[in-house]
Amino acid sequence: MPGSGPGSQQLESYAAAPDSSGDGHGSPKRNRSLTHWAGLVILLTAVGTLGQAWISYEGRTAGASSPALFYLTLSLIYAPSAALILSGKLSDNAKVGFALYMSLAVHATRFLQYPSDFGYHDELVHQAIAAAIDQTGHLFHPLNTILPEASYYPGMEIFTTGLQHMTGMSLHSAGWVMLAIADAITVLAIIQLMRRITGNMNVACLAALIYMCNQELLNFNSQFSYASLALPLALFCIYVFAMRDESAKLRGLIPAMAVFVALEATHHITSLAVVILLWAWNRATQVTGRRVPQLYVFFALSILVVAVWTWFARAYVITYIQAAVSSAADSVYKLLNGGSSRKLFATPAGYKTPEWEVIVSFGSVLLILFILVPAGLYAIRRWRLVGAVGLVLTLTALAYPVVPFGHLTDNSSEIADRSAVFIFGGVAYVVSIWWFRQLRTQRSERRSLSNQNRLRPTVALVLGLTFCFVGGGIIGDSDWAYTPGSYMVIADNRSIDQLALAAGSWEAANIKQGSRVVSDRDNDLVSQAYAGLHVVTAEADHVDGGAVSNLLLRYLAPSDIDTICADHVQYLISDVRLSTSLPELGIYIDQGEYLDGTRTAPPAVADLTKFDQVPGAERIYDNGAIRIYNLKGLTCTG
Amino acid sequence: MHRLAELVMAWWERVPSPRLKQSTMPRRELIVRAALNVAIVVAIAAGLSAWFATPLFLVGVAATAELAVRNYSANGVEKILLICGAAVTAFILVGLFLNFTPLGLTRVSWGASWLVVSTGVLVWRRNSATLIRREDIKLYILHHWVIGLYGIAALAIFVGAVYLAMAGVWSSNQRPMLAFSLVSKNANQVVVKINAISTTGTYRIVAQSNNRPLHYSSSPILVNADGDGETLVENVPVNMPGRWIIHLNSVNGSNSSRELIIDVG
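These protein sequence lines map, in sequence, to chains A and B.
Numbers 70 to 707, taken from the numbering used here, label the letters of the first sequence in order.
Numbers 848 to 1112, taken from the numbering used here, label the letters of the second sequence in order.
Don't read these hints as lab results, they were simulated from the structure.
Don't be surprised by glycine CBs; every beta carbon is placed ideally from N, CA and C.
There could be a bad hint or two in this list.
To be verified - Calculated cross-link-like contacts (lysine-lysine; reagent style BS3-like; alpha-carbon spacing at most 27 Å): (1) K985/B with K701/A; (2) K581/A with K1040/B; (3) K581/A with K1032/B; (4) K1040/B with K701/A; (5) K318/A with K926/B; (6) K985/B with K926/B; (7) K581/A with K701/A; (8) K403/A with K421/A.
What the hints assert, rightly or not - If you anchor each label on the Cβ, the simulated ranges turn out as follows: (9) L319/A with N922/B: 26 to 36 Å; (10) S185/A with T966/B: 49 to 59 Å; (11) V427/A with S1018/B: 28 to 38 Å; (12) W1017/B with I390/A: 34 to 44 Å; (13) W452/A with W1017/B: 53 to 63 Å.
Please work from the sequences and hints to get the whole structure.
Structure follows, in structure tokens:
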């Protein structure tokens, strides 16, 4: 970045001194040995993915999977590559190559869990948006009723459907190509940015390894979702700005602005985060006294782009962000006033995280906090040296406690998780420069030690990173959420099973697209993504969500017929398996549903199938679990 | 045949340079790049299988993006980053533009856009020549063949992993399932469908109206569905308007009954 690129005085102070063994060149015998070590790492990584495929296979055929094996095979992918990268024996390009290979392998494990269909909530929402673009040839309409504002941010779908049209791939395959490209951009952008900031490839690669410990890596950021492409675009946008031709003045901003427009078309919060970052960077330059040419102009233009697009999507995006922030603030306020907190490591349906996972996740948070104290103090003490970008990243890192403590309430946990992708950028920077600075200052002491003792810090670092990597995965989601397995009630990937998909397939063949339907959270997703049905929701249709949920979850009341008539509900999809358990995710349909927050037992089968008794309501499909009712024959008064 | 080859070669040598000022890109490279761009459009238009079209397209996009960002990248890592990022950005911006055209985002409009953008890059970078020397390739292979073998082994393991994961999906899709649904109805009959997967048994369709005595019971229906599934369509005669309950019951009394509730008339 300007004023902070390699060679600038403040950054050279962090650059590790050249390591005689770090140039990748040595005797032929040593090079051969290194080649075989590298080959072994390549094979171990592949074996890790094979282990993940086995977990996927077992989950589908036997209905169960071992969380320990899940994290062990993931560690088999992460740890050997991390050790090789940090060994100091590879050339710079080889380090980057291994970081990229390992990151792609980790992402491939997500593909191996769901190799034929998307299985998560946001994935199905975006599948529906992509299908709508494919059918209509145009963006923004029809509105996705489950996540309305997502229809106004179709960048990810544009790229994926473009790939789909130009290659003939299925949407699922095109989606995974998109995710692989996004992953490559993320890793390379982090490494290149950190390299420009710190002037050292070792620091940059360590930062990338630390960044991979954030809990969203295995969870949200590997899903077919707009945020998965937005984050790489955000990093790329900053990088393109940093490498611009300053002499070209405003013309030099065109590439960065083009990327920013693409980012804004992809995700609201991420583009807003970039604007905040630019603001903070600009403020930091005022503190450090080192101005960055055109930064202010870029900041102003980015605000303009965000303002214009937000105005365009104002009907839904403002409400969406407002609701998320206010509910999080409300729940935190309640918590501070002695209100109820979230039950950690357990789901409302009674699933409890294994004890060893609880220990590892707490341990990883404590480890990060423990390291952040000296690392943060180191960066703060030398704030004049770290430059404006370093200052911003340091302040970002200090926000880390938001990530674990945000999990104390339901509403703030999602914000905490999403913010982790930004905060970990700061954590990665602060910890990596601190680590290498410590090594450098202690180098003279280590020279007198044996080879075995020299290895100890690196071994400890790799073990610590792997520990945090596993801890991040555990914090990210329950272990069942990562793998296929037996059916669970309202558990997204574990609820969208063969029976749900069979019903979706029947709907696609027999129900007119755009028909208005009411169902539970997961069958809603299936009917929208596979059959193009219009799911009636409070957000998009401005109806009373509680009254709509009564149609599925409550006993029959006369007001139900009024709701059906007023909201033009044409079909009801009822999954009788909902009566077997409380929902894993806490709600059957959406927040504000019937008995939300007070429910102690699942709905009775009689409530779920009450329309059997209602004249004019027809049961037109039954696969044992899922029943579809046609409500068009109901008599509406008035 | 020999003569034809000679003619082609003679034509190849005589292909005039494009009328572009100061073009230093070798003619052959220009032709290869243009041919690749056109081949992608042809593949899109012909609806070529994804197994052929995808590698062709990815190579074409990478070659075009590399040409576009060549002057901005200082090393290989930066080049890969710029190629990926520029391709994604270009796709999104082109898609936004296409949305405001009458054609929208279709296969035709994407194909046409590709031709325009790739040709534009070719014209823009007409002075940039690609230097690929056989000696460099040989040297690269000589230095990296061992790690390449490990890479091939890893690729084989990964292909095995994909196959294993897909085997789980195929197995899961073949779990027993029995679905019963309405096809159509009129005053005299209701047409119903049975969809079965990995289910074997004898069933009977039973219809009754408003809890009145049994009206219709079908002859036994043999369902013998393997993992690929079986679909049976049956007619259920009805003799009066009103609410009908149509059961699909197992003859041997196993607990696998399905039920439809239909208003007739």
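Structure-based check of each hint:
Pair hint K985/B plus K701/A does not hold up; C-alpha atoms about 71 Å apart against a cutoff of 27 Å. In summary, the hint linking K581/A to K1040/B is supported, as the alpha carbons are separated by about 18 Å, within the 27 Å threshold. Note on K581/A and K1032/B: the hinted pairing holds, with a Cα-Cα distance of about 17 Å set against a maximum of 27 Å. Between K1040/B and K701/A, the direct Cα distance comes to roughly 21 Å. Compliance with the 27 Å bound is thereby established for this hinted pair.
A threshold of 27 Å between alpha carbons decides the hint, and for K318/A with K926/B the separation of about 23 Å falls inside it, so the pair holds. Distance check on the hinted pair: K985/B and K926/B sit about 22 Å apart at the alpha-carbon level, within 27 Å; holds. Note on K581/A and K701/A: the hinted pairing holds, with a Cα-Cα distance of about 13 Å set against a maximum of 27 Å. Simply put, K403/A and K421/A have alpha-carbon atoms about 25 Å apart, close enough for the 27 Å limit, and the pair holds.
For L319/A and N922/B, the Cβ-Cβ distance of about 28 Å falls inside the hinted range of 26 to 36 Å, so the restraint holds. Between S185/A and T966/B the beta carbon distance is about 37 Å. The supplied range of 49 to 59 Å is therefore violated. Against the hinted window of 28 to 38 Å, the Cβ-Cβ separation of V427/A and S1018/B comes to about 33 Å, which satisfies the hint. The supplied range of 34 to 44 Å is met by W1017/B and I390/A, whose beta-carbon atoms lie about 42 Å from each other.
Taking 53 to 63 Å as the suggested C-beta distance range, the pair W452/A and W1017/B conforms, at roughly 58 Å.
Consistency note: the structure conflicts with the earlier hints numbered 1, 10.
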